[in-house]
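**Student:** Protein chains in written order, with our numbering: chain A, 1 to 220; chain B, 1 to 244.
Don't read these hints as lab results, they were simulated from the structure.
This structure is a prediction, so every number in the text was calculated from the model and none was measured.
Any given hint could be a false lead.
Part of the chain B face toward chain A, derived, beta carbon under 8 angstroms [said to hold, decoys possible]:
(1) 57
(2) 75
(3) 77
(4) 104
(5) 107
(6) 109
Beta carbons: idealized from backbone N, C-alpha and C, even for Gly.
Residues per chain are reported as follows:
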Amino acid sequence: MMEVSPSENVSLREFGCEQTLLSRPDGSASFVQGDTSVMAGVYGPAEVKVSKEIYDRATLEVLVYPKVGLPGVRERSQEQCVRETCEASLLLSLHPRSSLTLILQVLHDAGSLLSCCLNAACMALMDAGLSMSCLFCGVTCAISTEGEIITDPTAAQEKESRALMTFAIDSKEHRVMMSSTRGSFSVQELQQCIAISQKASEKIFQFYRDSVRRRYSKNL
Amino acid sequence: MFSVLKERVGDVLLPGDEFCCGPQETLSLTDSGKPERLVAGPGIRQSGDRLLVSRSGVLRHKEPNKFWIESQQRRYVPAKGETVIGIVTAKSGDVFKVDFGGSEQASLSYLAFEGATKRNRPNVQVGDLVFAQFVVANKDMEPELVCIDGSGRANGMGVFGAGGLLIKVSLGLVRRLLAPHSDLRADLEKLFPCELVVGMNGRVWVRAASVQQTLIVANLLQSCDTMTPSQRQQLFKRVQQGGL
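Chain A on its own, in the form it takes in the complex:
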């Protein structure tokens, strides 16, 4: 594992979250990272279509809706990334022959959209009270043309970057659950980015804990 030297800054933009903000879904959350904002809603365990039924676990469906227009190829690839991460962390075998639907509505894209989607998804799944083996969070890293690594980049920084990577990291052992990369980079740069993301994930998990604690403080 790469060591992160203290001089390397793991700076994330301001982030915020609200849970149970929608009345109809079983669980909902909105996650804001800087100007990027995503709203997530979870339905389930609910009735499943016979064609999608899996006999020993729940069927998870993830839908990503862009801010304007209809979902396209980009959204499909984001859906797949989020779905595979959620499937790895959820205990789907507890609800066989049922369906879980996760809907992600992009409210504003100002960079690091996929990581914001992952964070919103995790908060919404937690809000719905679904059983999970661990939590996960998303961190995006961009490598600029000068070789500098920027965590949680803005849209402008993303555009100028040479490479862009998003990792999903689990809360137990801080391992990489999913990675989505674009551009060219060396093996060393990849490992450096993973190490930085793992460091950044600690901040996000601490934030998760604080925000759930705040939510339950009312009923104590």
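With chain A fixed as given, assemble chain B onto it according to the hints.
**Tutor:** Frame of chain A; chain B shown alone:
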């Protein structure tokens, strides 16, 4: 033995949190031979001598050895023995199909009513509300409801009469309403006489003396979900003085 866990009672835990509850290293001579066994309730899974948290919420404890995670949920997952309010959606042969808000419909036999025989069928129509209990509820089988207890008595279960209003609230609020010595119920009792049927699936049926009073109780219950006790008492006081 569960001291690690007992220290955290009342804390908010997240999925992925882990506890080690290994066997004691030293044998105490005063203890009786049987070791204490931990009962893991909702949100806690046991794996060897480790305890894994699988849901976010507050850790609760009941003497001597029950632990569970209390969380706010909206979707109901059936459990054996729980009573729910269901809606009859279909009559097929000798069973009724009942929607209780879960992932599939439950079946309710026409013989599972008080005094029902093959000759004397109960009068249940599609669309009726029933208050019933789960006798079969596990993840691999179709859930099954009955409207009688073990001795064949209705015991409060059966088809609902006319009037009243059905509302949906969160599962956390339902558990608070059903808890013994619930302060929410005590506050509600002070307002005016009303009839409440509370299903574990988050459905609550309300009937008071007039339609207006029924609506007041229904609205109060739905807004109680997100209020602190002091906020709630303030609101109830205003209603009592006719302020709403």
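**Student:** Hint by hint, say whether it matches the structure.
**Tutor:** Status of the hints after comparison with the structure:
For residue 57/B, the interface hint holds, the least distance from its beta-carbon to any beta-carbon of chain A being 7 angstroms, beneath 8 angstroms. Below 8 angstroms, beta-carbon pairs count as interface contacts, and residue 75/B has one with chain A at about 4 angstroms; its hint therefore holds. Checking residue 77/B against chain A: minimum C-beta separation of about 7 angstroms stays under 8 angstroms; hint holds. The closest approach between the C-beta of residue 104/B and any C-beta of chain A is roughly 6 angstroms, which is under the 8 angstroms cut-off, so the hint is satisfied.
A cut of 8 angstroms between beta carbons decides the hint on residue 107/B: the least distance to chain A is about 15 angstroms, and the hint is violated. At about 22 angstroms, the closest approach between the beta carbon of residue 109/B and any beta carbon in chain A exceeds 8 angstroms, and the interface hint on this residue is violated.
Of the numbered hints given earlier, the model fails hints 5 and 6; all others are met.
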